[in-house]
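Colleague: What follows is each chain in one-letter form.
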Amino acid sequence: MKITCDEATEICDKNQYKEASLWERMKLGIHLFLCKKCGLYAKQNKMMSVCLRKLKEAESLKKHHLNQDEKEFMEQELQTKIKS
Amino acid sequence: MSVTDKQFLNPEKWVSSYADYLFNYTISRVNDRDLAKDLVQDTFFSALKAKDNFKGESTERTWLIAILKRKIVDYYRKINSTKGKAEVRMSFYAEGEREGEWLEEHAPTDWSGEIEKKIENEELAIVLEKCIESLPKKYGMVFRMKTVHQIETEDICNELDITATNFWVIIHRARTQLRKCMEENWFKI
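Chains A and B are the protein sequences, given in the same order.
Note that my numbering has the first sequence beginning at -11, numbered continuously upward.
Note that my numbering has the second sequence beginning at 1025, numbered continuously upward.
Keep in mind the hints are simulated off the structure, nothing from the lab.
Among the hints, erroneous ones may be present.
To be verified - Straight line, CA to CA, 30 Å or less: simulated BS3-like cross-link-like pairs of lysine-lysine:
id	chain 1	residue 1	chain 2	residue 2
1	B	K1079	A	K59
2	B	K1037	A	K34
3	B	K1061	A	K51
4	B	K1204	A	K25
5	A	K44	B	K1079
6	B	K1161	B	K1102
7	B	K1095	A	K51
8	B	K1079	A	K34
9	A	K24	B	K1212
10	B	K1141	A	K42
11	A	K34	B	K1161
12	B	K1073	A	K59
13	B	K1204	A	K15
14	A	K34	A	K(-10)
15	B	K1075	A	K69
16	A	K(-10)	A	K25
17	A	K34	A	K6
18	B	K1161	B	K1204
19	B	K1142	A	K6
20	B	K1141	B	K1212
21	A	K6	B	K1061
22	A	K34	A	K24
23	B	K1037	B	K1061
24	B	K1093	B	K1161
25	B	K1154	A	K31
26	B	K1154	A	K71
27	A	K69	B	K1061
28	A	K24	B	K1141
29	B	K1093	A	K51
30	B	K1061	A	K34
31	A	K31	B	K1141
32	A	K44	B	K1095
33	B	K1073	A	K69
34	A	K25	B	K1161
Unchecked claim - These stretches of chain A come out as covered by chain B in the derived footprint (C-beta under 8 Å, 3 or more residues):
id	segment
35	-7 to 5
36	9 to 18
From the three backbone atoms N, C-alpha and C, an ideal C-beta is built for every residue, glycine too.
Produce the entire structure from the sequences given, and follow the hints as far as they go.
Modeller: Rendered as structure tokens:
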């Protein structure tokens, strides 16, 4: 049941994506009960997730595309190869 | 797919039909416009060279994506092999009696002040982006795929040919380093 801070925080990270198993969450819970540093990490990690969610939302609104010049250039390059 | 659905390649139309789609796909993996452009261009070249291997059993698009995926994993292996490794900053003792314990200078410290306000601040995104940028390339790539682009763990592991264990170690190291970076550059200033 005893895990190191390295292991505990890894589970904590995994848990930010809701992918830690029940057993892992139990081990983490016990560790957090005993370890102040990791407790602080867990608290701040949640805040990091809130911040990261904003980045994710901003990204999901973006649409990346090539501009006309870039496409024309690609087209030309490809055409040369098709003909050769 | 039935025999009558047999697909044919039409390289003349590749750029107009698939360039944006492939580009978008690549950007969400490599997060670098120029690099993404090169990988897409390269994909078209490789596809052209290999066009006799196309059996017509999948669509043109699926076939092109398969080629692009190989380009992306090659890129990942490249950044994973050489310089990527030295840059990793460890947060825990790697050996000895204290193995797995926090290294003093990496342990979290209290974020005093108005944390809520700092989270709401518009400039947070800029600092956070810079912190992600400061991660070793391979960590940044895997971390972004998962956290920013929300690609499933299993898909990332398959695409980059890594194990789930390895994947979580990467995410863990990225997040500990990121927390530290945000502490120094945002939450404690």
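Colleague: All hints are to be evaluated individually against the structure, with a verdict given for each.
Modeller: For each hint, the structure was consulted:
no., hint, verdict
1, K1079/B <-> K59/A, "holds (27 Å)"
2, K1037/B <-> K34/A, "violated (47 Å)"
3, K1061/B <-> K51/A, "holds (15 Å)"
4, K1204/B <-> K25/A, "holds (13 Å)"
5, K44/A <-> K1079/B, "violated (39 Å)"
6, K1161/B <-> K1102/B, "holds (10 Å)"
7, K1095/B <-> K51/A, "holds (22 Å)"
8, K1079/B <-> K34/A, "violated (49 Å)"
9, K24/A <-> K1212/B, "holds (19 Å)"
10, K1141/B <-> K42/A, "holds (14 Å)"
11, K34/A <-> K1161/B, "holds (24 Å)"
12, K1073/B <-> K59/A, "holds (20 Å)"
13, K1204/B <-> K15/A, "holds (24 Å)"
14, K34/A <-> K(-10)/A, "holds (23 Å)"
15, K1075/B <-> K69/A, "holds (13 Å)"
16, K(-10)/A <-> K25/A, "holds (16 Å)"
17, K34/A <-> K6/A, "holds (12 Å)"
18, K1161/B <-> K1204/B, "holds (17 Å)"
19, K1142/B <-> K6/A, "holds (25 Å)"
20, K1141/B <-> K1212/B, "holds (13 Å)"
21, K6/A <-> K1061/B, "violated (34 Å)"
22, K34/A <-> K24/A, "holds (16 Å)"
23, K1037/B <-> K1061/B, "holds (17 Å)"
24, K1093/B <-> K1161/B, "holds (18 Å)"
25, K1154/B <-> K31/A, "holds (22 Å)"
26, K1154/B <-> K71/A, "violated (44 Å)"
27, K69/A <-> K1061/B, "holds (17 Å)"
28, K24/A <-> K1141/B, "holds (25 Å)"
29, K1093/B <-> K51/A, "holds (20 Å)"
30, K1061/B <-> K34/A, "violated (35 Å)"
31, K31/A <-> K1141/B, "holds (17 Å)"
32, K44/A <-> K1095/B, "holds (25 Å)"
33, K1073/B <-> K69/A, "holds (9 Å)"
34, K25/A <-> K1161/B, "holds (28 Å)"
35, -7 to 5, "holds (count 9)"
36, 9 to 18, "violated (count 0)"
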